[in-house]
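J.: If you're matching them up, the sequences are chains A and B in order. Using this note's numbering, the letters of the first sequence map in sequence onto residues 8 to 271. Using this note's numbering, the letters of the second sequence map in sequence onto residues 8 to 271.
What the hints contain is simulated information worked out from the structure, not anything from laboratory work. There may be inaccurate statements among the hints.
If chains are identical, the list can't say which one is meant, so a pair holds when it fits in one copy or spans any two.
[What the hints assert, rightly or not] DSBU-like mimics (lysine-lysine), calculated; alpha carbons at most 35 Å apart, straight line:
#  : residue 1 : residue 2
1  : Lys81     : Lys153
2  : Lys125    : Lys49
3  : Lys143    : Lys125
4  : Lys167    : Lys143
5  : Lys37     : Lys153
6  : Lys239    : Lys27
7  : Lys143    : Lys239
8  : Lys143    : Lys49
9  : Lys81     : Lys143
10 : Lys49     : Lys27
11 : Lys125    : Lys27
12 : Lys81     : Lys167
13 : Lys81     : Lys239
14 : Lys49     : Lys37
15 : Lys27     : Lys81
16 : Lys125    : Lys239
17 : Lys167    : Lys27
What you are looking at is a predicted structure, and each value in this text was computed from that prediction instead of being measured.
There are 2 protein chains.
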Amino acid sequence: MKRLDEKIQTLPIVRFREGKQEELTDLVIKESVLSIFLNHHKLVSLICSPDHYQYLAVGFLLSEGIIQSPAEIKSITIEESCVLIEAELQNSTLEYAVTIASGCGKGVTFHRALEVKKERHFDFLLSPETVSRLMKEFEQSSHLFKITGGVHAAAVANNKEILIFHEDLSRHNALDKVLGECWLENISLQDKIVLLSGRVSSEILLKVARTEISVVISHSAVTNLAVELAEKVGITLLGFARGRRINVYSHPQRIRNFSEDLTF
Amino acid sequence: MKRLDEKIQTLPIVRFREGKQEELTDLVIKESVLSIFLNHHKLVSLICSPDHYQYLAVGFLLSEGIIQSPAEIKSITIEESCVLIEAELQNSTLEYAVTIASGCGKGVTFHRALEVKKERHFDFLLSPETVSRLMKEFEQSSHLFKITGGVHAAAVANNKEILIFHEDLSRHNALDKVLGECWLENISLQDKIVLLSGRVSSEILLKVARTEISVVISHSAVTNLAVELAEKVGITLLGFARGRRINVYSHPQRIRNFSEDLTF
């Protein structure tokens with residue numbers, strides 16, 4: 008993991024406070040551009056925080072439905088701010104990949120995601136106490152946010168603890184980084200939970216829908232299309248999970264008070 | 008202006024509060040997809056809040072550097088969730104427009120924006136009191152945010168009051184809507200201020216850099232590339248403008264205590 012000071016920069020600023028002016032230094036979040044190449048063709052340039060490029064690239068390819076399995080990936084090379092991926096595409100073509108990555112194929116991927124039936128367990132239960140506890144741990148993990156106030160966080164957890172955590176200035180990238188790490192490190196997403204600091208739009212929900220994840224919990228708001236999509240693909244969507252208050256927008260049967268949880 | 012209830016949707020939810028479960032209805036933000044066509048070619052599909060499509064489309068074309076002046080626009084037609092624009096392109100081609108709109112031309116537009124020297128007044132002064140007062144008015148205007156917690160706001164103001172205000176689920180779109188309205192309604196951007204609820208990245212700063220705006224104020228964080236770009240193009244960039252605390256990241260000479268302001 009890169010050190011924190013590679014992701015932030017110290018700058019001289021002028022601060023006004025209660026009408027008084029002072030000169031000091033402040034920390035701001037660093038922004039970089041990552042270009043992803045698939046089979047020697049440039050797919051996309053993402054504005055991102057400068058770390059974990061391989062997870063971001065692999066997460067992007069899979070969560071956007073460009074590749075269907077990490078097994079398709081033959082090699083990953085990182086050169087400066089480029090990730091070069093060689094893959095044996097199975098259910099898609101390079102032309103399709105370029106269209107999707109450029110953002111021109113949103114309609115296509117939406118329908119395709121609904122066709123892909125991922126197996127999601129409906130006997131996976133989570134108590135509201137566990138949700139509150141995981142979100143508390145999640146918020147306490149956001150070191151970069153505490154320093155700069157300028158990033159989003161995403162995590163993958165089981166029903167006990169956070170397993171993978173990343174921060175990025177884009178909420179899409181933060182999610183791709185945690186999914187990418189799980190895929191590359193062979194961490195199963197079955198019976199796992201995604202935690203998000205940012206708003207859940209249909210784009211975010213669609214990325215999760217391409218995995219086996221069954222519960223998405225956000226600190227922020229959700230949109231109507233995200234709720235509609237979560238309902239269709241069998242994902243339990245929670246929003247405004249703050250303190251001991253939680254809104255459940257779809258498939259609430261997975262969130263329940265049950266006795267095993269009363270012990271902590 | 009569309010009524011508020013066209014931008015929000017009522018949904019049944021399950022809420023847990025202090026461990027107790029209740030069923031109720033909640034308001035969530037509506038998400039729609041707007042497709043922008045330029046001279047019969049589809050440029051881009053934007054996920055957005057469903058209002059002011061013409062401002063969004065025109066703002067997007069201008070702030071992304073696809074057209075240089077509203078005078079290039081010959082006609083605007085709105086059909087369902089599409090905006091069809093006919094334009095006489097002057098400094099760009101349709102091919103260039105398609106590349107930029109798909110997000111593949113970020114490097115190109117960055118250099119182009121630096122070449123375009125917009126005239127920005129350095130004798131335009133703003134007191135920290137005015138900044139605090141405008142940001143207070145800005146926050147109080149965010150009705151949709153108060154209801155849903157799921158949108159970003161942007162405004163154009165002079166040194167006395169807010170002139171144009173829009174909310175959208177994307178911070179890019181909120182900015183494009185206010186810029187688009189100014190361009191379509193012939194409101195000069197010289198000596199104007201942009202107010203933003205969301206983070207200022209290089210993409211956001213680049214949009215503003217294509218106008219004559221000289222001051223950008225955000226409630227949130229700024230990135231290092233946004234500061235670098237603001238420095239180069241002569242924009243005064245303020246972040247974390249909350250209450251009577253303000254950080255000035257570039258060209259601080261425009262922010263100053265001066266006597267005329269002591270009266271309010």
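J.: Given a CA cutoff of 35 Å, do Lys167 and Lys143 count as a within-copy pair, a between-copy pair, both, or neither?
T.: This pair counts as within: shortest intra-copy Cα distance 13 Å, inter-copy 42 Å.
J.: Using 35 Å as the alpha carbon limit, work out where Lys81 and Lys153 are close: within a copy, between copies, both or neither.
T.: neither (38 Å within a copy, 49 Å between copies)
J.: Given a CA cutoff of 35 Å, do Lys81 and Lys167 count as a within-copy pair, a between-copy pair, both, or neither?
T.: So Lys81 and Lys167 pass the 35 Å test inside one copy only (34 Å; across, 60 Å).
J.: Reference check for the pair Lys81 and Lys239, CA-CA at most 35 Å: within, between, both, or neither?
T.: within (33 Å within a copy, 42 Å between copies)
J.: If the cutoff is 35 Å on CA atoms, where do Lys125 and Lys239 land: within, between, both or neither? Let me know, please.
T.: The answer is within: 11 Å in one copy meets 35 Å, while 49 Å across copies does not.
J.: Up to 35 Å between alpha-carbons, please classify Lys167 paired with Lys27: within, between, both or neither.
T.: between (48 Å within a copy, 21 Å between copies)
J.: Could you figure out if Lys239 and Lys27 sit no more than 35 Å apart (CA to CA) within one copy, between two copies, both or neither?
T.: between (55 Å within a copy, 27 Å between copies)
J.: How do Lys37 and Lys153 come out at 35 Å by Cα distance, when the copy is not named: within, between, both, or neither?
T.: both (15 Å within a copy, 30 Å between copies)
J.: Classify it for me, Lys49 with Lys37: is the Cα-Cα distance of at most 35 Å met within a copy, between copies, both or neither?
T.: For Lys49 and Lys37, the Cα distance is within 35 Å both inside one copy (23 Å) and across copies (33 Å).
J.: At most 35 Å between C-alpha atoms: does Lys125 with Lys49 qualify within a copy, between copies, both, or neither?
T.: both (29 Å within a copy, 32 Å between copies)
J.: Within a copy, between copies, both or neither: which one fits Lys143 and Lys239 at a CA-CA cutoff of 35 Å?
T.: Within one copy, since 29 Å is at most 35 Å while 41 Å is not.
J.: Classify it for me, Lys49 with Lys27: is the Cα-Cα distance of at most 35 Å met within a copy, between copies, both or neither?
T.: neither (50 Å within a copy, 51 Å between copies)
Of the numbered hints given earlier, the model fails hints 1, 8, 9, 10 and 15; all others are met.
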